[in-house]
Amino acid sequence: MVRAFFAVELTRNIRNQFYAAQDILRNSDAKLTCVDPPLAHITLKFLGDVSDDVMHSVQEIMSEFSFKPTEITVSGVRLHPKKRPRIVWADVSDNGWGEETVAELDKLLAPLGIASETRVFTPHVTLGRIKRFDSSLRVAVEEISGCSFGQMVVDTITLKKSTLTPQGPIYEDIMEVKA
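The opening position of the sequence shown corresponds to residue 419 in this note's numbering, with each subsequent residue numbered one higher.
The hints are simulated quantities; they were obtained by calculation from the structure and are not laboratory data. Please note: incorrect hints may appear among the correct ones.
Unchecked claim - Derived CB-CB ranges, DEER-like:
| id | residue 1 | residue 2 | range |
| --- | --- | --- | --- |
| 1 | Ala521 | Asp471 | 40 to 50 Å |
| 2 | Glu482 | Asn445 | 46 to 56 Å |
| 3 | Thr583 | Lys449 | 30 to 40 Å |
| 4 | Arg504 | Val557 | 16 to 26 Å |
Stated by the list, open to error - Mimicking SDA-like on lysine to any residue, the simulated pairs with C-alpha atoms at most 20 Å apart in a straight line are:
| id | residue 1 | residue 2 |
| --- | --- | --- |
| 5 | Lys486 | Lys596 |
| 6 | Lys449 | Arg556 |
| 7 | Lys596 | Phe483 |
| 8 | Lys596 | Glu535 |
| 9 | Lys500 | Asp552 |
| 10 | Lys579 | Pro456 |
| 11 | Lys500 | Ser554 |
| 12 | Lys549 | Cys452 |
| 13 | Lys525 | Met473 |
| 14 | Lys449 | Phe464 |
| 15 | Lys525 | His474 |
| 16 | Lys579 | Ser481 |
| 17 | Lys596 | Ser475 |
| 18 | Lys579 | Met593 |
| 19 | Lys525 | Phe464 |
| 20 | Lys549 | Ser446 |
| 21 | Lys579 | Leu457 |
| 22 | Lys486 | Lys579 |
| 23 | Lys525 | Ser511 |
| 24 | Lys525 | Ser484 |
| 25 | Lys449 | Lys579 |
| 26 | Lys579 | Trp515 |
| 27 | Lys549 | Arg444 |
| 28 | Lys449 | Ile505 |
Ideal Cβ positions, reconstructed from N, Cα and C, are used throughout, including at glycine.
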């Protein structure tokens with residue numbers, strides 16, 4: 419079994435902008451685990467644990483998959499959900515590209531038994547996971563809510579393997595799909 423997902427990798431420049439924002443978040447009294455910026459990405463679709471046979475079929479389908487490149491902007495920081503927040507994320511503006519792409523992936527992968535997402539796709543980059551909330555975190559998020567992390571062109575979707583460890587996830591690229 420392989421734990422896998424589709425992701426958009428961010429440019430090094432965008433990822434490097436996360437360090438300063440995360441420093442401000444860490445200065446709150448909340449207990450949170452920040453995502454290591456080199457691991458930061460946009461998750462398009464989480465596949466879950468899939469068998470080797472299904473993974474092979476996913477790769478075959480993706481070798482024929484096509485999409486149009488798009489420009490995205492990563493800016494703004496907020497808590498999610500608003501009530502009893504569990505994560506801090508950076509917003510991503512993509513003019514609906516992600517939602518369309520996820521819908522297409524859902525359609526292609528459904529015959530393999532991979533469930534479609536029930537929630538509306540909201541493009542974002544997770545900056546941190548909240549273990550214990552404190553109101554000072556709202557103040558910190560407000561301070562960086564207007565941060566602009568940068569723009570980039572999305573021309574590659576990466577199928578990734580995720581191995582969970584006590585030290586955090588280890589990601590391995592399985593395949594890339596170019597626009």
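Status of the hints after comparison with the structure:
no., hint, in the structure
1, Ala521 / Asp471: 40 to 50 Å, "violated (25 Å)"
2, Glu482 / Asn445: 46 to 56 Å, "holds (48 Å)"
3, Thr583 / Lys449: 30 to 40 Å, "violated (20 Å)"
4, Arg504 / Val557: 16 to 26 Å, "holds (18 Å)"
5, Lys486 / Lys596, "holds (9 Å)"
6, Lys449 / Arg556, "holds (13 Å)"
7, Lys596 / Phe483, "holds (9 Å)"
8, Lys596 / Glu535, "violated (23 Å)"
9, Lys500 / Asp552, "holds (13 Å)"
10, Lys579 / Pro456, "holds (16 Å)"
11, Lys500 / Ser554, "holds (15 Å)"
12, Lys549 / Cys452, "holds (10 Å)"
13, Lys525 / Met473, "holds (16 Å)"
14, Lys449 / Phe464, "violated (26 Å)"
15, Lys525 / His474, "holds (17 Å)"
16, Lys579 / Ser481, "holds (17 Å)"
17, Lys596 / Ser475, "holds (18 Å)"
18, Lys579 / Met593, "holds (10 Å)"
19, Lys525 / Phe464, "holds (14 Å)"
20, Lys549 / Ser446, "holds (13 Å)"
21, Lys579 / Leu457, "holds (13 Å)"
22, Lys486 / Lys579, "violated (24 Å)"
23, Lys525 / Ser511, "violated (23 Å)"
24, Lys525 / Ser484, "holds (13 Å)"
25, Lys449 / Lys579, "violated (28 Å)"
26, Lys579 / Trp515, "violated (23 Å)"
27, Lys549 / Arg444, "holds (12 Å)"
28, Lys449 / Ile505, "holds (11 Å)"
Checked against the numbered hints above, the structure violates hints 1, 3, 8, 14, 22, 23, 25, 26; every other hint is satisfied.
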